[in-house]
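*Asks:* Residue-level listing of the chains:
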Amino acid sequence: MSESLGVTPAQTVGPYLHIGLTWADGAYVVPEGTPGAFWLRGRIVDGTGAAVADAMVESWQADPDGRFDHPDDPRGARRSTIPGFRGFGRAATDSEGRYALHTVKPGPLPTFDGDTEAPHLTLSVFGRGLLHRLVTRVYFPDEAANATDPVLSTVDPRRRDTLLASPDTDGFRFDIRLQGEHETVFFAV
Amino acid sequence: MTQDADRRLILPSYRRDDVDAHPPLLSPGYRSTVARAPRQPLTYLPQRLTEITGPLLGEGRIGELDHDLTRQHDGEPLGQRIIVHGRVLDGDGRAVPHTLVEIWQANAAGRYRHAADTWPAPLDPNFTGVGRALTDADGRYHFVTVQPGAYPWRNHDNAWRPAHIHFSLFGRAFTQRLVTQMYFPGDPLFFQDPIFNSVRDERARQRMVARYDHTTTRPEWALAYEFDIVLRGREATVFEDEDDDE
Ligand SMILES: [Fe+2]
Numbered sequence: 018m019s020e021s022l023g024v025t026p027a028q029t030v031g032p033y034l035h036i037g038l039t040w041a042d043g044a045y046v047v048p049e050g051t052p053g054a055f056w057l058r059g060r061i062v063d064g065t066g067a068a069v070a071d072a073m074v075e076s077w078q079a080d081p082d083g084r085f086d087h088p089d090d091p092r093g094a095r096r097s098t099i100p101g102f103r104g105f106g107r108a109a110t111d112s113e114g115r116y117a118l119h120t121v122k123p124g125p126l127p128t129f130d131g132d133t134e135a136p137h138l139t140l141s142v143f144g145r146g147l148l149h150r151l152v153t154r155v156y157f158p159d160e161a162a163n164a165t166d167p168v169l170s171t172v173d174p175r176r177r178d179t180l181l182a183s184p185d186t187d188g189f190r191f192d193i194r195l196q197g198e199h200e201t202v203f204f205a206v
Numbered sequence: 070m071t072q073d074a075d076r077r078l079i080l081p082s083y084r085r086d087d088v089d090a091h092p093p094l095l096s097p098g099y100r101s102t103v104a105r106a107p108r109q110p111l112t113y114l115p116q117r118l119t120e121i122t123g124p125l126l127g128e129g130r131i132g133e134l135d136h137d138l139t140r141q142h143d144g145e146p147l148g149q150r151i152i153v154h155g156r157v158l159d160g161d162g163r164a165v166p167h168t169l170v171e172i173w174q175a176n177a178a179g180r181y182r183h184a185a186d187t188w189p190a191p192l193d194p195n196f197t198g199v200g201r202a203l204t205d206a207d208g209r210y211h212f213v214t215v216q217p218g219a220y221p222w223r224n225h226d227n228a229w230r231p232a233h234i235h236f237s238l239f240g241r242a243f244t245q246r247l248v249t250q251m252y253f254p255g256d257p258l259f260f261q262d263p264i265f266n267s268v269r270d271e272r273a274r275q276r277m278v279a280r281y282d283h284t285t286t287r288p289e290w291a292l293a294y295e296f297d298i299v300l301r302g303r304e305a306t307v308f309e310d311e312d313d314d315e
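In the order they appear, the protein sequences are chains B and S.
So the first sequence is residues 18 to 206, counted in my numbering.
So the second sequence is residues 70 to 315, counted in my numbering.
Chain B extracted, bound-state conformation (with noise of 0.2 Å):
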């Protein structure tokens, strides 16, 4: 077979990652003024309970018809009829650790042994301090499909939550506690 090669080890951000990484439209995965979009809003603390300032997230989603614009989906990339529906947002914190994201809800997604993801969107952490990237993923609350996501069923009950986002004045919420007491629930992909 092909060779194998090593892959090149994560580093930190640091913090002066907004030279590099702040885009203008970041935040928006969705463009303004989209029918039904929402900001999904949250705050990023450590195991001090201290805003995490020097931080961002990216998030990456389906559509609301839970299709993927890419040609590695088995169903065939398809282009959102969102227009400018991007699926991808980035957001760095301010002083107070908070981030914003401009989006619409994804929709469920089908599973390669026939179950159904509820809808999500994943996310990336990345700042001073975090030498490898963290994943986590944002649940919708009332959202049936929930109690049988395959994802959410293999996380500790007593985590569970802190994958869920709650609703908010402009959208939802959704908080990330790198540490300690309830702190979210990471993913190894």
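Keep in mind that the hints were calculated from the coordinates and are not lab data.
Just so it is clear, the structure is predicted and the values come from calculations on it, not from any experiment.
Errors might be hidden in some of the hints.
What the hints assert, rightly or not - If you anchor each label on the Cβ, the simulated ranges turn out as follows:
id	chain 1	residue 1	chain 2	residue 2	range
1	S	Arg84	B	Pro88	18 to 24 Å
2	S	Asp137	B	Asp42	22 to 28 Å
3	S	Leu192	B	Thr98	44 to 50 Å
4	S	Leu134	B	Glu200	39 to 45 Å
5	S	Pro189	B	Ala68	50 to 56 Å
6	S	Glu289	B	Asp185	55 to 61 Å
7	S	Glu289	B	Thr39	33 to 39 Å
8	B	Gly124	S	Glu128	23 to 29 Å
9	B	Thr165	S	Phe260	51 to 57 Å
10	B	Pro48	S	Arg84	34 to 40 Å
11	B	Thr171	S	Val88	16 to 22 Å
What the hints assert, rightly or not - Beyond 12 Å from chain S on every Cβ pair, some chain B residues (computed):
id	residue
12	Gly31
13	Thr98
14	Ile99
15	Ala117
16	Asp173
17	Ala182
The C-beta atom is built at its ideal place from N, Cα and C for all residues, glycine as well.
Got chain B sorted already, so can you dock chain S with the ligand onto it with the hints?
*Replies:* For chain S with the ligand alone, kept in the frame of chain B given last:
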């Protein structure tokens, strides 16, 4: 696409990295990890549609001079002009074409153009320190910049970061997302740097060090460094047992 195919999706799968390939999240020598590294073990996530897809961005995000950090202002930045080039590959040695590569770095004096960087080294009005490029069909990228300086930080007594360039890569799937740092060969500051040394395995650590490339060095113009970046490779496709009919 038939309903049956919809029900039994065959997904690519990305090999999981060796434990030693990346730094442990908790690396106390790097003090900022102590309050930020999760204490709970990571939860195993099977790769599903969200993980094996990912943003294929780049076209339209790259300006004409984004790959040349020495030509983004009226004048040329001070410092040693260098070429940094290489290939983005996956773990099977296959090129990763048309993928976005983002870099950022300190100037030749070791100072970042950032409000939080206040150590007394000069800013350079002709240097921002940010670059973007898209790999070509063979996974190649190419930047022109200046040699970044080392800089002090307060992690430990007399702490200095070895010269480095920050690299951010998407690959073609969420699983391949990588942020790393490129170092320069023979840097005398390696021995005391807890970020570089957070990668425990010596061979893995060396994969972050560029190679001086005399062949690409341009006479009377710029030194060249070659830095290949390896993202995760794919597992051979495994076909699910067709009898699993629920
Ligand atoms: Fe740096």
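*Asks:* All hints, please: hold or fail.
*Replies:* Evaluation of the provided hints:
| no. | hint | result |
| --- | --- | --- |
| 1 | Arg84(S) x Pro88(B): 18 to 24 Å | 20 Å, holds |
| 2 | Asp137(S) x Asp42(B): 22 to 28 Å | 23 Å, holds |
| 3 | Leu192(S) x Thr98(B): 44 to 50 Å | 47 Å, holds |
| 4 | Leu134(S) x Glu200(B): 39 to 45 Å | 44 Å, holds |
| 5 | Pro189(S) x Ala68(B): 50 to 56 Å | 28 Å, violated |
| 6 | Glu289(S) x Asp185(B): 55 to 61 Å | 60 Å, holds |
| 7 | Glu289(S) x Thr39(B): 33 to 39 Å | 36 Å, holds |
| 8 | Gly124(B) x Glu128(S): 23 to 29 Å | 26 Å, holds |
| 9 | Thr165(B) x Phe260(S): 51 to 57 Å | 53 Å, holds |
| 10 | Pro48(B) x Arg84(S): 34 to 40 Å | 36 Å, holds |
| 11 | Thr171(B) x Val88(S): 16 to 22 Å | 21 Å, holds |
| 12 | Gly31 | 7 Å, violated |
| 13 | Thr98 | 17 Å, holds |
| 14 | Ile99 | 15 Å, holds |
| 15 | Ala117 | 19 Å, holds |
| 16 | Asp173 | 8 Å, violated |
| 17 | Ala182 | 16 Å, holds |
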